[in-house]
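Visitor: Listed below, chain by chain, are the residues.
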Amino acid sequence: MNMTRREWLRSTKLLLLTPAAAAFVDRLCGDTTAIPDKYQMAQHYWGMTIDIEKCIGCGNCVRACAAENHVQSGSFRTWVERYHVADWPADQPIVDSPDGAFNGFPPMADTGGKSFFVPKLCNQCEHSPCVQVCPVGATFETPDGLVLVDQSYCLGCRYCVQACPYGCRFIDEAKQVVDKCTLCYHRISKGLTTACCEACPTGARTLADLKNPKDPVHEFLRNNSIQVLKPHMATGSKVYYRDLDESVR
Amino acid sequence: MKDVVHLVRLAALFAVGIIVFLVARQMIIPAGFGKYGHFRPGALDDVRAKPISFAGHETCEACHDDVHTQLAGGKHAHLACEACHGPQAIHAEDPAKVKPVLPNTTQLCPVCHEASAAKPKWFPQVISKDHSGGEPCKTCHQPHSPAFGKEAAK
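Heads up: the sequence lines are chains X and S, in that order.
In terms of our numbering, the first sequence is numbered consecutively and its last residue is 1208.
In terms of our numbering, the second sequence is numbered consecutively and its last residue is 205.
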């Protein structure tokens, strides 16, 4: 068989159409669920900042979250804890959170030591333990930095509920699948802030877009003493606390 | 030549098997799977499909500009409308049909301003029983611009 290079190239020029054909096939039977609006997923990376010194423990965030996300009673996508540290070393703090602070906290008399509030929610971890343990891939990290659940895949096996070091997941009793904070994805993808940030009367919580160079979060992280919960677990938490006490777990 | 027929049969069997596999795969894998990561992109739409309850203060300000101006000049400037008035997206959608209920200041204000040792020291707090003796807060304070006298000058 004698074939020059030129002849071979000529005879195989149809191959050049292969990528075009592949694109055509992909268009025919591939993705039809592209998000149709202006939200550009690649341009965002969401997190939250929490300023401990501003939290007054009113529970507005807990009520707002429940109203926005129809969270079943007794479960919380966000909640507030009250810490009381009588003396140093602060390894035995007294922590309470009556009904997740849905109705705030009863007044507290000054008995010495220090007391403060710690709002909690899903930390939207960059390396989520909950994502790693899911046996069916129902929970995942999105390119814009959220940890979400595909409830049509979830089996309700509760592995992730146990794996979350922050106790942020719970079982939706009606659907028998897992539920968690979505960082109000239905709101932030429309340009609104989260329900908890909207309702916070002191601005203790602020939604942060880490990919937006104009977001004040960068200055906030640079100029303050910032902590995350359980840093030793290397979860890559994106809920940044300002001036968090060492007693907080 | 006779032997080649066996090979053709075998190749045909393989071809059928591969086609069945590809068709089944196409049917089982959800549309667009893997586009953004190891998940079904439709799951994002499921999460995003939820209706909003809190309209956001920008929406409120579009109509209630007068209140916003008053609020911006007072101590409650940083408060979003729905922090006190509750979720009002249904009101924003049809203002004529759904009227918000005016909050009861006797119950609402102490939610934040009732004194507690756990609250940060900078935050204005009172023991409401001693402070007003059960009178509604709005008897003296205008909620949209609550400070007066010495407080307002600060």
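Treat the hints with care, as some may be off.
[Unchecked claim] Restraint ranges, calculated between C-beta atoms of paired labels, are given here:
hint	chain 1	residue 1	chain 2	residue 2	range
1	X	Q1091	S	M78	26 to 32 Å
2	S	H136	X	N1171	25 to 31 Å
3	S	H89	X	N1182	56 to 62 Å
[Said to hold, decoys possible] Selected chain S positions facing chain X (in silico; Cβ < 7 Å):
hint	residue
4	F105
5	A134
6	K180
7	H182
Everything labelled a hint here was simulated from the structure, so no lab data went into it.
This structure is a prediction, so every number in the text was calculated from the model and none was measured.
Note that the Cβ used here is the ideal one computed from N, Cα and C, for glycine as well.
Visitor: All hints, please: hold or fail.
Guide: Hints, one by one, checked against the model:
1. X:Q1091 <-> S:M78: 26 to 32 Å: holds (29 Å)
2. S:H136 <-> X:N1171: 25 to 31 Å: holds (29 Å)
3. S:H89 <-> X:N1182: 56 to 62 Å: violated (37 Å)
4. F105: Nearest chain X Cβ about 5 Å off; hint holds.
5. A134: With a closest approach of 5 Å, the S:A134 hint holds.
6. K180: violated (11 Å)
7. H182: At about 13 Å, which exceeds the 7 Å cut-off, the nearest Cβ of chain X leaves the hint on S:H182 violated.
Of the hints listed earlier, those the structure fails to meet are numbers 3, 6, 7, in rising order.
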